[in-house]
Amino acid sequence: MTASAYLFLEFGVMLILGACFMSRQPLDVDKRFDKEGLPVRSWIWAIRGKKVLVASVFVLMFAFFISSLGMLF
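In terms of this note's numbering, the sequence shown opens at residue 1 and continues consecutively.
Hints were generated in silico from the structure; no laboratory data involved.
A hint or two may mislead.
Stated by the list, open to error - Okay, derived cross-link-like pairs now, DSS-like style, lysine-lysine, Cα gap no bigger than 27 Å in a straight line:
| no. | residue 1 | residue 2 |
| --- | --- | --- |
| 1 | Lys51 | Lys35 |
| 2 | Lys31 | Lys51 |
| 3 | Lys35 | Lys50 |
| 4 | Lys31 | Lys50 |
As the list claims (entries may be wrong) - Have a look at the derived ranges for each label pair, beta carbon to beta carbon:
| no. | residue 1 | residue 2 | range |
| --- | --- | --- | --- |
| 5 | Leu53 | Phe33 | 41 to 51 Å |
| 6 | Leu53 | Val29 | 12 to 22 Å |
| 7 | Arg32 | Val57 | 16 to 26 Å |
| 8 | Val13 | Pro39 | 36 to 46 Å |
| 9 | Lys50 | Asp30 | 37 to 47 Å |
| 10 | Thr2 | Val29 | 44 to 54 Å |
Predicted, not measured: the structure shown is a model, and the values here were computed from it.
A virtual CB, placed ideally from N, CA and C, is assigned to each residue, including glycine.
Based on the provided sequences and hints, a complete structural model is requested.
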């Protein structure tokens, strides 16, 4: 397998993990923070999930770049 094929697999794993983390997001704004004003654990994981989803887009673009270079050379 080429490097771009591994990147496509990594994109899929990142997409699944990011979606699983985002599914824990509290929908009410009041439930995102506790009484002391600190974010609750599910909200922290939802923010991490959003970062993973954004990073997966860059991994996909990098995979397309690597695969296009493979077709040129």
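Do the hints match the structure? See the list:
A hinted pair counts as satisfied when its Cα atoms are at most 27 Å apart, and Lys51 with Lys35 qualifies at roughly 26 Å. With a C-alpha separation of about 21 Å, the suggested pairing of Lys31 with Lys51 holds against the 27 Å cut-off. With a CA separation close to 24 Å, the supplied pair Lys35 and Lys50 stays within the 27 Å bound. With a C-alpha separation of about 18 Å, the suggested pairing of Lys31 with Lys50 holds against the 27 Å cut-off.
A hinted range of 41 to 51 Å for the beta carbons of Leu53 and Phe33 is inconsistent with their spacing of about 22 Å. Leu53 and Val29 have their C-beta atoms about 21 Å apart, which keeps the hinted 12 to 22 Å range intact. Taken as a hint, the range 16 to 26 Å holds for the pair Arg32 and Val57, whose Cβ atoms sit roughly 24 Å apart. With their beta carbons about 26 Å apart, Val13 and Pro39 fall outside the hinted range of 36 to 46 Å.
Taking the beta carbon of each, Lys50 and Asp30 are about 20 Å apart, not inside 37 to 47 Å as hinted. A hinted range of 44 to 54 Å holds for the C-beta pair Thr2 and Val29, which are about 45 Å apart.
When the structure is compared with the earlier hints, violations turn up for hints 5, 8, 9 and for no others.
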